[in-house]
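Peer 1: Sequence:
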Amino acid sequence: MTDLDVKPGTVADGVPHDLVRLVREHSRATVEGDNRTVLDDFRPDRIGQLIRMAKLPPNLVSSELLNIAPEGNGIVAAVTRYMAADGTGTVLRARWIEIPKGWVVTEVRNLPDTPPQMADTGPAEDGLDTPFWEGLRVGELRVPQCEGCENFVWPPRPICPRCHRFALTWTPVEPTGTIYSWTRTWQPFTPEFSGHLPFVTVVAELPQAGNRRLLGVLLDADGVDPKIGQGVRAEIEPPWSPEGWPVLRWRLT
4 MTDLDVKPGT
14 VADGVPHDLV
24 RLVREHSRAT
34 VEGDNRTVLD
44 DFRPDRIGQL
54 IRMAKLPPNL
64 VSSELLNIAP
74 EGNGIVAAVT
84 RYMAADGTGT
94 VLRARWIEIP
104 KGWVVTEVRN
114 LPDTPPQMAD
124 TGPAEDGLDT
134 PFWEGLRVGE
144 LRVPQCEGCE
154 NFVWPPRPIC
164 PRCHRFALTW
174 TPVEPTGTIY
184 SWTRTWQPFT
194 PEFSGHLPFV
204 TVVAELPQAG
214 NRRLLGVLLD
224 ADGVDPKIGQ
234 GVRAEIEPPW
244 SPEGWPVLRW
254 RLT
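Its first residue numbered 4, the sequence shown is counted upward by one per residue in our numbering.
If you are wondering where the hints come from, they were derived from the structure by calculation, not from laboratory data.
Where a beta carbon is used, it is the ideal one built from N, C-alpha and C, also for glycine.
A hint or two may mislead.
[Unchecked claim] Here are the computed distance ranges between Cβ atoms for each label pair:
id, residue 1, residue 2, range
1, 50, 254, 27 to 35 Å
2, 254, 195, 29 to 37 Å
3, 213, 125, 21 to 29 Å
4, 210, 133, 52 to 60 Å
5, 125, 101, 44 to 52 Å
6, 184, 72, 28 to 36 Å
7, 175, 230, 22 to 30 Å
8, 88, 188, 30 to 38 Å
9, 54, 125, 38 to 46 Å
10, 162, 140, 37 to 45 Å
11, 256, 172, 41 to 49 Å
[As the list claims (entries may be wrong)] 16 Å max Cα-Cα, derived EDC-like pairs, lysine to aspartate or glutamate:
id, residue 1, residue 2
12, 230, 195
13, 58, 110
14, 58, 116
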């Protein structure tokens with residue numbers, strides 16, 4: 004069996020044979036822990052970023068090229084499954100581009116596209132936002148509202164900034180809105196981000212809550228460029244552990 008003997012349909016038309024061979028050699032080097040070869044295949048100006056973008060388990064034993072196909076703009080995407088000694092499989096997608104030195108990896112991420120969750124997710128130390136998190140536990144999006152002037156307040160405060168009353172009630176609101184702004188994060192600023200890059204964060208404006216704006220990660224955002232004013236709906240993701248808290252995500256509508 005040669006380096007190009009892969010399952011029918013794995014290699015799309017237009018993919019150079021030398022790139023297929025390089026991808027398979029790169030995967031083998033990853034399994035064998037040959038870091039010199041792996042790093043040499045990375046785009047030189049993104050080595051530090053690429054090292055932490057994807058997340059693989061220890062004790063890898065094999066790799067399998069699942070698919071490789073052009074994506075346009077000179078990018079070719081290769082999807083590879085890595086198997087660990089305990090029988091678990093991890094799928095990575097690496098995007099390759101051709102520069103003067105040859106083909107190099109310009110982006111890599113785990114599949115499926117899953118959003119990160121911070122270890123310190125949950126109420127702040129001062130407890131002002133605790134009712135927000137408690138609302139998520141019962142499937143509600145709650146925003147504090149002044150009992151006097153009915154002004155919605157966000158971020159949470161102990162006093163209404165409009166009429167200066169201290170009487171605020173956490174009111175359930177319709178979890179829909181529009182995108183006010185958004186950004187795509189490529190850098191693994193915390194360890195939790197490894198394996199989840201890139202991801203998209205949006206600031207959603209809520210018409211049912213006086214156009215207050217909430218921040219959240221966008222679901223299914225791999226390769227998506229959101230538009231300002233585009234509709235979104237909140238989804239509540241269950242906690243990852245019994246001691247954890249649910250988190251609010253946004254999805255394009």
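Peer 1: Does each hint fit the structure? Answer for all of them.
Peer 2: Now for the hints, and whether the structure bears them out:
no.	hint	in the structure
1	50 x 254: 27 to 35 Å	holds, 34 Å
2	254 x 195: 29 to 37 Å	violated, 21 Å
3	213 x 125: 21 to 29 Å	holds, 25 Å
4	210 x 133: 52 to 60 Å	violated, 25 Å
5	125 x 101: 44 to 52 Å	holds, 46 Å
6	184 x 72: 28 to 36 Å	holds, 33 Å
7	175 x 230: 22 to 30 Å	holds, 28 Å
8	88 x 188: 30 to 38 Å	holds, 32 Å
9	54 x 125: 38 to 46 Å	violated, 30 Å
10	162 x 140: 37 to 45 Å	violated, 26 Å
11	256 x 172: 41 to 49 Å	violated, 28 Å
12	230 x 195	violated, 27 Å
13	58 x 110	holds, 13 Å
14	58 x 116	holds, 13 Å
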